[in-house]
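Sequence order for the protein chains is E and F. Under our numbering, the first residue of the first sequence carries the number 1, and numbering increases by one thereafter. Under our numbering, the first residue of the second sequence carries the number 1001, and numbering increases by one thereafter.
Heads up, none of these hints are tricks.
Some, not all, of what chain F presents toward chain E, calculated at C-beta under 7 Å:
(1) His1062
(2) Arg1066
(3) Ala1125
In the DSBU-like style, the derived pairs of lysine-lysine whose C-alpha atoms are separated by at most 30 Å in a straight line are:
(4) Lys200/E with Lys1187/F
(5) Lys1006/F with Lys1166/F
(6) Lys1003/F with Lys64/E
It should be emphasised that the hints constitute simulated quantities derived from the structure, not laboratory data. Bear in mind that the values here come from a model prediction, so they are computed numbers and not experimental data. Every residue gets a Cβ at the ideal spot worked out from N, C-alpha and C, and that includes glycine.
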Amino acid sequence: MHPAPSIILFTVLSGFGFGLISIVGLLQFLNQISEFDIIIFSGMGLFFSIIGLISSFFHLANKKNAIKSLSQWQTSWLSREAISSVLCLSIVVGNIGWVIVQNRYINDVGIMLFLLSLFTVFTTSMIYAQLKTVPSWNNMLTPAIFIFAALAGGSILLMDFASLVLLLIFGVLQVLFWYTADQSFIYKETSVGTALGFSKNEDIRSFDLAHTSRNYLLNEMVYKVARKHSVKIRYISFFSAFVLPMSLVLMFPGNLSVSALVMASHLIGIYFSRWLFFAEAKHSVGFYYN
Amino acid sequence: MTKLPKCEDKKLGLLIDLDTCVGCHGCVVSCKEWNSSGGEKQLSDLNSHQKDPVGTFLNRVHSYERENSCTNETETFYFPRSCLHCEDAPCVTVCPTGASYKREEDGIVLVNEDDCMGCGLCAWACPYGARELDLVSGVMKKCTLCVDRIYSEELPPEDRVPVCVKSCPTGARAFGDFNDPNSDVSKKVKERGGVDLMPEMQTKPVNKYLLPRIKSKNSASSVGSVVEEETDATGLLGWVDRALSKF
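Pulled out of the complex, with its shape left as it was, chain F reads as follows (with noise of 0.2 Å):
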């Protein structure tokens, strides 16, 4: 059914740390490999060796740079987009299907592919650009937080975390229930001020983002002055440096 249950249990959902994203891509490509292998499981490509490949991911990584205010200098950051498992998500009661659903146990927004009749009108009601149908299959396509991994009873348990999170090398993605006010994410969050993306869209986000942190100018200064300064050498180097300078 379309309509949103209230989950008071859990809202499981992911953590992006934009400080720690390198941009490096593999959270997309893991999640293209988990999601498209094995089963009926599919995120199509068309066109993959030729002109215009066009794919169907859950993730997309985007490049930014922005003013640091402080030191007039322009920074770059990476920010990885997929769905952010909204509690009041606009994508499922524009379903005219009901394949759209929020999970009331643990808040995941997923899609009943065997009721999608690939109107794409979710894709339009999502601000965030969460959802893309699949050219091959018709159905809607969005990111399922893994719901295959995390409470698989095949894998090792230190492996039942969505794939983004499992295969990021920084450690920029955590995963957690936002519910609880003492898991892991909630308190970084809570430390670090974790932010909606388009609060004013009204969606109650259940993701955060911890925002890049701004550089101050002594932070800066200070890598300026590592570079520029000179030590006197010892040892051999020194003698050199004595006796070259005599002349």
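Extracted from the complex, chain E is given alone in its bound form (with noise of 0.2 Å):
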């Protein structure tokens, strides 16, 4: 799949976000941040989710009917994430202004942005993971990556035993997420052989071109450059997302300055993460082009 720059950024900014909303939720259900703190970091959170909605908006090629978008929920994915991020972000302003005019903050509405704010990021890997065509995305690591890359990138500024435990996991879902990209249309029953109605293990090859030039298929949906440094680009993502925050977090506990180059270093190897999740992703149309 195409690797498309505003698609990546918007997964990667909302996706941190909406983690440090979650966060922020949670810790002021749970009594544990300042009313300042709140301030300032469900602010940071509501500036990213933005910025990383705003990026998604230039990824359409028919701006004028992007509204519309609110309006499928009862089967579109990407409906629910439209629908649920404006939701949990309105709730955010309302939170920060009750929090700026009451000087102190309501426990209930922390559980609430808590849940709210997951669900947003989980409808966002769901219009991906949804796709019965694309077979390494069809499945719920896809989820479970976005969340625990949310969780992660949101605790760091915010927490340090649970960041680290946040970082593991999603190291761990990472590596399997790999494991299992790699093998996702050797166990399907899709071939080039049932793509033409054929049995599965038919001997085919294609002699000749269907069109002269590349077209909008073969750019959206058969993207093939640079997959050849897909390894290289794996351990930059890994070192950056999680090896290198992880020791940081593990030598300077507690110290806000480090925690900012942790957040940037997680950031940046996420969206290398991201990168890879696009570009190694195949779509059973490239069957036709084999």
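Reconstruct the complex from the two isolated chains, following the hints.
Set out below in structure tokens:
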């Protein structure tokens, strides 16, 4: 699949933003955070989420109809994501406003924000996980890595021990995801044979092109560039998103300036991880162009 | 609405005979012509007279070769690929704006371009690559089964079929109601064993394909024997033959 920068930035930044909102919400529910920190950190979550959503807006080819994406919540995960993020961000704004005006917070709003922001990340992940056409996405590891990347990212600035645990879970899930992604089409029943109505093992090759230059399908779904570097990029991603943050948190617990560095490193790692998430994913339409 | 209706009345679709298709791309050209002329309809092209032309098409013809297990010879066939108007169309349910829909009365899957925001998710959800985003108008394009022809009251009755069917010079494409067991397409599917593409994707395509028939060893060798066999010439040629044979 084409690793469009707008979509990668969207999943990385809004994932981090909603992760931050969920952690602030959890701490608010547990009475473990100051009013000042709620304003700062949920404000930051709001900022990143909105930057992410704006970035996704630039992916649309016909932006004037974007508002209509709020209508099909009954069947469409993308629509659910749009509704859920608007709802969640409105509550964040309300919560910040309440804290500023009243100088205290309501604990129960915290749990609501925790659940709603994680649900938003879940809906984002289901946009990809629902697609039978892309086997490496079509499993529950996709929502799992999206949710734990968000939680781990969000916890770095606010927690020490918990962020270590969340980073560890994320690291394990990420390795598992890459492992299953490598096997995705091997275990599936699809082949050029079934794509053309024959049996799976039919020996069929393309001998001429259906069109003389690239088209939308090839650009969007049969993306092959730079897959040869994927193993190196996996190492970069894993080091930057997981190994370096883990080590820094262990060496300098509770140091806010180090946490900022950890956060930056983690986000860069997640960016590479998401780039691979798209670039390595193979779509079934590729069989027609074998 | 992006909820899929139960199409109990009619299931209109195409039956494509890969045994008959000669890969002329006539259906591709006529489809492009019909769907980009007149009114607001457009299937845009970019760089059409330059180095890397790209354009939107609703139908593409691929060319493949396969081993014949019976004769150990390589055979070629052509494969027109377009929307299959699936019963469980994944492209419809993923649509966030409600632009994609499946008609209850005949099962045709369409895009309402006034609602499409061009996110491209439906193209990702389609296993067959049947949807292409138009790069100029920014909305998703797909086969309409020529809904503006098949119900047209202005066209003469014999023209009220999809233009790809009408234009196919070998009659490799047929149009009909797959829900009616007595329709021509249903009978042919039964008789020749029509197949679904990627049945494992559980999309339940309405369009069916008839695969190229396997040519048997006998039919292949009999072609050879016709070529090699020498028959005794008669008449003037026979006299020349006999006369030349003497030397």
